[in-house]
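**Q** Sequence:
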Amino acid sequence: MKAGLAKDQTEINKIIAEASKGSKFYENEKRKDKELTERIAKILKVRDDILREADIAKAEHSADALLTKMEEQRDLTQIIVHVDMDAFYASVELLDDPSLAGKPFAVGHGVVSTASYAARKFGVRSGMAEFVAKKLCPELIVISTHFVRYMELSKQIMDIFRRYDPTMCAAGCDEGYLNITKYCEEHLLTADDCVQEMRETVHRETKLTVSAGIAPNKMLAKICSDRNKPNGQFALEFSPAAVKAFMHDLSIRKIPGVGRVNERLLESIGIKTCGDIYTHRATLALMDRYFGLHFLLQTYLGIASNVVEPGQREERKSIGSERTFHTLSTKEDILRKLEEVAADLSEDMERTGWTGKTVTLKYKLDTYQVFTRAKSFDRWISTKKDDLFATGKELLLPELPLRLRLIGLRVTKLKDLRAEADKPGSIKRFFESAGSSPRKKRRLDEEGQKERDDNDEPRLTQDGYEDAMPGFYEHEDAEREELERGGLAETDDNGDTAPTSKLSSTAGPSRAKAPPPLEPFASSSHSVSPQKQGNVKVHSTLAPTPPPEEREPAAEEHICPICARKLATDNAGLNAHVDYCLSRSAIREAQQAGGNAPAVLKPLVLGASTGAKRKRRKG
DNA sequence: GCGGATCAC
DNA sequence: TATGGTGATCCGC
Numbered sequence: 001m002k003a004g005l006a007k008d009q010t011e012i013n014k015i016i017a018e019a020s021k022g023s024k025f026y027e028n029e030k031r032k033d034k035e036l037t038e039r040i041a042k043i044l045k046v047r048d049d050i051l052r053e054a055d056i057a058k059a060e061h062s063a064d065a066l067l068t069k070m071e072e073q074r075d076l077t078q079i080i081v082h083v084d085m086d087a088f089y090a091s092v093e094l095l096d097d098p099s100l101a102g103k104p105f106a107v108g109h110g111v112v113s114t115a116s117y118a119a120r121k122f123g124v125r126s127g128m129a130e131f132v133a134k135k136l137c138p139e140l141i142v143i144s145t146h147f148v149r150y151m152e153l154s155k156q157i158m159d160i161f162r163r164y165d166p167t168m169c170a171a172g173c174d175e176g177y178l179n180i181t182k183y184c185e186e187h188l189l190t191a192d193d194c195v196q197e198m199r200e201t202v203h204r205e206t207k208l209t210v211s212a213g214i215a216p217n218k219m220l221a222k223i224c225s226d227r228n229k230p231n232g233q234f235a236l237e238f239s240p241a242a243v244k245a246f247m248h249d250l251s252i253r254k255i256p257g258v259g260r261v262n263e264r265l266l267e268s269i270g271i272k273t274c275g276d277i278y279t280h281r282a283t284l285a286l287m288d289r290y291f292g293l294h295f296l297l298q299t300y301l302g303i304a305s306n307v308v309e310p311g312q313r314e315e316r317k318s319i320g321s322e323r324t325f326h327t328l329s330t331k332e333d334i335l336r337k338l339e340e341v342a343a344d345l346s347e348d349m350e351r352t353g354w355t356g357k358t359v360t361l362k363y364k365l366d367t368y369q370v371f372t373r374a375k376s377f378d379r380w381i382s383t384k385k386d387d388l389f390a391t392g393k394e395l396l397l398p399e400l401p402l403r404l405r406l407i408g409l410r411v412t413k414l415k416d417l418r419a420e421a422d423k424p425g426s427i428k429r430f431f432e433s434a435g436s437s438p439r440k441k442r443r444l445d446e447e448g449q450k451e452r453d454d455n456d457e458p459r460l461t462q463d464g465y466e467d468a469m470p471g472f473y474e475h476e477d478a479e480r481e482e483l484e485r486g487g488l489a490e491t492d493d494n495g496d497t498a499p500t501s502k503l504s505s506t507a508g509p510s511r512a513k514a515p516p517p518l519e520p521f522a523s524s525s526h527s528v529s530p531q532k533q534g535n536v537k538v539h540s541t542l543a544p545t546p547p548p549e550e551r552e553p554a555a556e557e558h559i560c561p562i563c564a565r566k567l568a569t570d571n572a573g574l575n576a577h578v579d580y581c582l583s584r585s586a587i588r589e590a591q592q593a594g595g596n597a598p599a600v601l602k603p604l605v606l607g608a609s610t611g612a613k614r615k616r617r618k619g
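Heads up, the first sequence is in the UniProt record's numbering, so the first residue is 1 and it goes up one at a time.
One or more hints might be untrue.
Using 30 Å as the maximum straight-line C-alpha spacing, the simulated DSSO-like pairs for lysine-lysine come out as follows [what the hints assert, rightly or not]:
no., residue 1, residue 2
1, K393, K331
2, K34, K58
3, K364, K24
4, K135, K244
5, K58, K45
6, K121, K7
Estimated spans, in silico, between C-beta atoms of each pair [what the hints assert, rightly or not]:
no., residue 1, residue 2, range
7, T77, S251, 26 to 32 Å
8, L417, D249, 26 to 32 Å
9, A6, K415, 33 to 39 Å
10, E200, T279, 41 to 47 Å
11, T324, A245, 29 to 35 Å
12, K375, K182, 32 to 38 Å
13, T167, R289, 51 to 57 Å
14, D96, A41, 49 to 55 Å
15, H248, K45, 43 to 49 Å
16, K14, V111, 42 to 48 Å
17, V370, K182, 26 to 32 Å
18, D96, T167, 27 to 33 Å
19, E197, A242, 28 to 34 Å
Worth flagging that the hints you see were computed from the coordinates, not collected in a lab.
Please read these numbers as outputs of a predicted model, since none were measured by experiment.
All C-beta atoms in this analysis are idealised placements derived from N, C-alpha and C, irrespective of residue type, glycine included.
Please model the complete structure; the sequences and the hints are all you need to start from.
**A** Set out below in structure tokens:
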């Protein structure tokens, strides 16, 4: 058992399984697990067929030749550092409320974003449903998120990192990659001392702790940063032998790009550690299409990109918006949600200056199955809400009736409308001249600074609450591996070790898979007036929909300085809204920074013909 | 170009 | 009772 765990891992797994059992979510996980099991069975059959006739020695030779070539390209000249804040959100909350010290608490609601280390001892993990977390740890304190605060600190921290590498690459709001080669040279510092100093500086200036990994490339650095977490650092020796030794016993799951599915696929052919890659190189060479030989050989050698550069705006490939809600099945309700999403996306696109050519609708059934429908244009699309809404309807209506729990819209094939920034009349100008309340003013100032990056502008959402389940979870550090190995691990979702066979054997008849099982309730209310366009009422479309807690007695009306929307709310409501607007912006910015610069090589593909099961459904 | 899948954060 | 949102990429068709 993992040292420091307050509960036995199998006990944890049992509780999770108990809590999840019978839910639609869990049923969906089982379904996916079963499909994966079947997929693996097919791959194994293919493998057996191939190996029966193949010239193994020859395959090994070709893999070895590749390895030799790769080895020649190994570059150990750059000192790459991956820095990673420890339990970032939780640490910030702790900073702002010292009474939380030592207590098990989690940030987020509905789903855990980040768990304090005390909570982790109970098995609480990010991504875990709150009610499950509470079962694991009844005394768990759940705190709502404060994104504006996180971003404030994130910016501060990133600025510190940039002193060591001005072109450092932020990967999310709480981690990043640096190349400190130059800094170390100029300051006559060893990498270890440099990173030590950097971490101390962060702690001194923010009272937050950060862990770091030092290695010759980004992949290795990232893995190393996890090694001595929290509040520690780990440096890998810069020699081919040391790197290879490091990789040899490393679980492939530690490799960025290898998630649960790929872990299971690889495991099915006997690869659990990076060292196993070499053992099975013949199989991999013969089944390159399924497993991606190149990537795996590079991984085996511990070779990856050592290029560190900040993400660029022009690299963005898509922009979208989606939201989850309690299951809806009437056309009216569903269209209302679609319209909200369209409004969100429209606002976002206009504010950040993007258009595109393809619109993709995404929806998730109440069974958790996800589908997408896309439509391309031969022109740049209008970013007006009503036009996005219209396209969305075009894609969605033929699919109804459905019972939905999520709707999203995404635009791709983007065009940057902001080639030259700072046009007169741009939001920025408005932004800088706006502002009235003291609180607002402060925020605006902060935002103003960010502007120099020509980055995203703040973004509007529907209500003034932070509770709309924002951005992302902090990635899990340490311990996760242990958890996932346990059995019905993690969310118990099949995932890693969950006794696959068991799950699938108990699973009922495979549900219809291709088309959304539509058979819900007759969408009784076809009545409908597709309030398509007559409905330009600023109220229902532009104004935030009334939040859960009605604050209708809003005789007051304010204009949000961020999104420029008219808000029927009092001062407190406005402040909450502004906070939310800003947080969305900051989150997006942070994510964008990270998303643009993949930390690793290419994603692993482990493709596997899901084969015949694909079929265009109706119309 | 489309739809499904996987992954990161 | 109950399980996120944004973005990227790859594959097979």
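**Q** Each of the hints needs a verdict: does it hold here or not?
**A** Against the structure, the hints come out as follows:
no.: 1; hint: K393 <-> K331; in the structure: holds, 11 Å
no.: 2; hint: K34 <-> K58; in the structure: violated, 35 Å
no.: 3; hint: K364 <-> K24; in the structure: holds, 12 Å
no.: 4; hint: K135 <-> K244; in the structure: violated, 42 Å
no.: 5; hint: K58 <-> K45; in the structure: holds, 21 Å
no.: 6; hint: K121 <-> K7; in the structure: holds, 7 Å
no.: 7; hint: T77 <-> S251: 26 to 32 Å; in the structure: holds, 28 Å
no.: 8; hint: L417 <-> D249: 26 to 32 Å; in the structure: violated, 50 Å
no.: 9; hint: A6 <-> K415: 33 to 39 Å; in the structure: violated, 53 Å
no.: 10; hint: E200 <-> T279: 41 to 47 Å; in the structure: holds, 43 Å
no.: 11; hint: T324 <-> A245: 29 to 35 Å; in the structure: violated, 45 Å
no.: 12; hint: K375 <-> K182: 32 to 38 Å; in the structure: violated, 48 Å
no.: 13; hint: T167 <-> R289: 51 to 57 Å; in the structure: violated, 37 Å
no.: 14; hint: D96 <-> A41: 49 to 55 Å; in the structure: holds, 52 Å
no.: 15; hint: H248 <-> K45: 43 to 49 Å; in the structure: violated, 30 Å
no.: 16; hint: K14 <-> V111: 42 to 48 Å; in the structure: violated, 21 Å
no.: 17; hint: V370 <-> K182: 26 to 32 Å; in the structure: violated, 45 Å
no.: 18; hint: D96 <-> T167: 27 to 33 Å; in the structure: holds, 32 Å
no.: 19; hint: E197 <-> A242: 28 to 34 Å; in the structure: violated, 24 Å
Consistency note: the structure conflicts with the earlier hints numbered 2, 4, 8, 9, 11, 12, 13, 15, 16, 17 and 19.
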